[in-house]
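A.B. asks: Top line first, the protein sequences correspond to chains B and P. The first sequence begins at 652 in our numbering and counts up one residue at a time. The second sequence begins at 409 in our numbering and counts up one residue at a time.
It should be emphasised that the hints constitute simulated quantities derived from the structure, not laboratory data. Think of the CB as a built atom: it goes at the ideal place given N, C-alpha and C, for glycine as much as any other residue. Please note: incorrect hints may appear among the correct ones.
Take a look, some chain B residues computed to stay more than 12 angstroms from chain P by CB distance [to be verified]:
1) E676
2) T796
3) R850
4) T867
5) G953
6) T983
7) W1049
8) Q1061
Only pairs whose alpha carbons sit at most 25 angstroms apart, straight line, appear in this in silico DSS-like list of lysine-lysine [said to hold, decoys possible]:
9) B:K958 <-> P:K853
10) P:K442 <-> P:K645
11) B:K673 <-> P:K796
12) B:K906 <-> P:K853
13) B:K958 <-> P:K796
Simulated restraints on C-beta separations [what the hints assert, rightly or not]:
14) B:D1010 <-> P:P660: 27 to 37 angstroms
15) P:G497 <-> B:E986: 22 to 32 angstroms
16) P:K498 <-> B:S821: 48 to 58 angstroms
17) B:D772 <-> P:P534: 41 to 51 angstroms
18) P:E460 <-> B:T1002: 25 to 35 angstroms
19) P:K550 <-> B:D872: 55 to 65 angstroms
20) P:L812 <-> B:E842: 53 to 63 angstroms
21) P:P534 <-> B:R1072: 35 to 45 angstroms
22) B:D1053 <-> P:Q657: 50 to 60 angstroms
23) B:E768 <-> P:G497: 25 to 35 angstroms
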Amino acid sequence: MKNKVVCAVLLSLPVVCSAEPKVLEHILGNGLKVLVKEDHRSPVVVSQVWYKVGSSYEPGGITGSSHMLEHMMFKGTDKHPAGEFSRIIAENGGDENAFTGQDYTAYFQTMEASRLEVSFDLEADRMRNLHLLPEELKKELQVVTEERRMRTDDVPQAKMSEHFAAVAYSNSPYKNPIIGWPSDIANYTVEDLQAWYQRWYAPNNATLVVVGDVQTKAVFDLAEKYFGALKPSEIKPLKPQTEIEQLGVRKITVKVPAKLPSVVLGYKVPVLKTAEHEWEAYALEVLAGVLDGGSSARLSSGLVRGKQIAVSAGAGYGLTTRLPSLFELEATPAEGKTVQELETALKAEITKLQQKLVDNEELQRIKAQVLASAVYERDSNFYQAMQLGMLETVGLGWQKVDEYVGKVNQVTAEQVRDVARKYLIEDHLNIAYLDPQPINQNASKGTK
Amino acid sequence: MRNYLSRQKITATFLLLFSTFLLLSSVNCQAAAKIERWQTPQGSRVFYVHTEGLPMVDIQVVFDAGSARDGQQYGLSSLTAGLLDTGAGKWNADQIAQRFESVGALFGAGSSIDTATVSLRTLTDPALFDKALETAQVILSKPSFNKADFEREKKRTLAGLKQVDESPAELASIAFYKALYGDHPYAHPGSGVIKTVSALKIADLRNFYKKYYVAANAIVVIVGDLSKQQAEQTAEKLLGGLPVGEKPQNLPDVALLTKANQQHTEFPSTQTHVLVGLPGTYRKDPDYFNLYVGNHILGGSGLVSKLFDEVREKRGLAYSASSAFIPMLKPGPFLVSLQTRNDQTQQALEVLNKTLNDFIAKGPTEGELVAAKKNITGGFAMRFDTNKKLSSYVGMIAFYDLPLDYLDTFQKKIEEVTVASITDAFKRRVNPQLLQTITVGNSTKSAK
């Protein structure tokens, strides 16, 4: 969610904001929240089911179980044995998949609009009737292990990120990887996953989001028909696991076989849900834009082109997480430069933000980009549904979608300076250096 | 940032079915998109589709100037495109970026094997649109190719090339193209290799630009909320500053392979990356739809393909297993790929080859074909349900000189495919005796 922003008022662009279609909400008797946004540009629909569960819900020992369960959700029910779900969706011309994050697990189908019912039928069934079979788990465990190898174990940057998070957070569950630690993955049992499914998969812990060429009322009726009879569960509240205050800078070195060094800096910062004042989160968002909102932003302009100290540099902040997060800066040094020089240069950018107000022109540029993005995002039903589902699932409420452009637009140069002073401080900083080790290829390239 | 978009599952018991008759009746017959075509006075071909609903437009200028035009200077096309927005007219890189970003426009320039593409996504509000268009026009017609920018971008490219050596996936891909194409211009990686990029001079880029970035070699694709008159003016403005020039000569034909080959590269990764294939099909290939639908069944349909079923669903050997034809001007690769734990490489390769060879020998079943057709035609509307996707289809139709009614006749062409025509096409076009097999991984861990 970085780099969003905008400014109808300042650029006098009323065009854009007028025709935005409305989102309508309906809550079924069992607690399932249904959100519908009509978009009639194309005869298609996306349907997403979001569950309030993700890696940040997991206690030690079963990290990654939300993701593992996501895989198992394709393994069948009484009504639809393993393989049937995907076969039926495919036969109806649909695309489908699922994804797991720190704060959510979501399932989706994209279909020609008249087939929406097919998706509801299948999703309602697996919300309460999943079969978790030992032989299926055994195979799927292998698949997830391969996924971990591909995404993390063999990717130097990903490995560094994993080690970085593990050290940056003391007790926040964000210290664990979404896919889980290897020894946890290797030891999931059917009972673990069954318990996880029982605990979180219920209509009153889910949000159904539909965006596309549909009639809202008809979708509500259809949701009632398929999901209405599902029993709710008693959902026990999560323990807060509030991150303790960091009392001084932390630095780690990650030595992995690689060719290029790099450095990442992460400051502990609040997010929209936890900020003392809501504007602070929007100001941090704009601050991320000042550093990395395009090629004209400070990191590209100053470090990559100006000083030529980095071959790449970026900044990132996500304001919509459930728990406090990190404001991150990452960079790869140019040939002949060191990660320490880069660290100094990145910190100098932060100092500058603390001492000097951002130019008005710079601020306007970021806001213009946010305004335009708000239009471009509407090109994709999937993205629109994704925003609604995520905001609702992390507990911010989907209505925040409509506030975003306006709130960003209200951010002042003083506020950007103030959040830089208040939150981007040395004692709350974490640094990781990727220290490349030789890649021992044991020579040999053979042809047989 | 840390979300896993997880490729889930599944497969197919293909029980069978419905009559072909039933299927035909379900085909959606609406016109896909009205593509209008004309030429600018300088001879550039323009393709335009009017879309409504959002005040935005996607514009692409496509040149036959991809890496296939590099000659022996691998990386020349890519670096030339990359340098375009670092200086043009009287503006430097910062000023260019500021001009686009101040109006929320997204600019890009890059190259693939067949093409070099300059793209612009912008709002259509006149004040914003005009500034973005003027900037793109100057970039296209008066790029500076400054020495300082050239040296910096070259160094950044070289850093990226260095990093290739830490990725088994990239090393495998490079070896695969080399094995398929030998001395053909499709053989080398688009970003070049360290030796050839190091040797590039600024004059090489200027000459490449002069030769290929000319009106006669340009195609303009405009998809969005502009009237036809606006589209005409846009195309002329964008390309008016280019000399007429001429189209480059045809690329050489791809030489036939003479024998199968297997090549292994040692790499200290936890997985071995496996690629199997040969030069496959080209865009205007009379066999294209037979190969496309056949491959859809074999390994192109994500969670329900035969490869996915055999490799992942039945055996848990890999996270992803798929196959694809990549049609280009000349025959692009037919590629079957997976990644698996080092010690399972042999087993996975056997499953892959058996699945492929069985398919070539026997073709699909009638049931599999019916299911594939339902999937492809049933999901037809989703191929171009966003401005972005439609723009990319129109660009493909334009560059590869396909009929303007390509999308309108797409479903009919799919329906015409039969089990016999697929089997025949695969037998002729995918000869198991000529398959190239690339593995990159740690073979010393192979013995378990």
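A.B. asks: Evaluate each hint against the coordinates.
C.D. replies: A quick look at each hint next to the structure:
no., hint, in the structure
1, E676, "holds (23 angstroms)"
2, T796, "violated (8 angstroms)"
3, R850, "holds (21 angstroms)"
4, T867, "holds (18 angstroms)"
5, G953, "violated (9 angstroms)"
6, T983, "violated (7 angstroms)"
7, W1049, "holds (18 angstroms)"
8, Q1061, "holds (18 angstroms)"
9, B:K958 <-> P:K853, "violated (44 angstroms)"
10, P:K442 <-> P:K645, "holds (23 angstroms)"
11, B:K673 <-> P:K796, "holds (23 angstroms)"
12, B:K906 <-> P:K853, "holds (21 angstroms)"
13, B:K958 <-> P:K796, "violated (36 angstroms)"
14, B:D1010 <-> P:P660: 27 to 37 angstroms, "violated (53 angstroms)"
15, P:G497 <-> B:E986: 22 to 32 angstroms, "holds (30 angstroms)"
16, P:K498 <-> B:S821: 48 to 58 angstroms, "holds (53 angstroms)"
17, B:D772 <-> P:P534: 41 to 51 angstroms, "holds (48 angstroms)"
18, P:E460 <-> B:T1002: 25 to 35 angstroms, "violated (49 angstroms)"
19, P:K550 <-> B:D872: 55 to 65 angstroms, "holds (59 angstroms)"
20, P:L812 <-> B:E842: 53 to 63 angstroms, "holds (60 angstroms)"
21, P:P534 <-> B:R1072: 35 to 45 angstroms, "holds (41 angstroms)"
22, B:D1053 <-> P:Q657: 50 to 60 angstroms, "holds (55 angstroms)"
23, B:E768 <-> P:G497: 25 to 35 angstroms, "violated (56 angstroms)"
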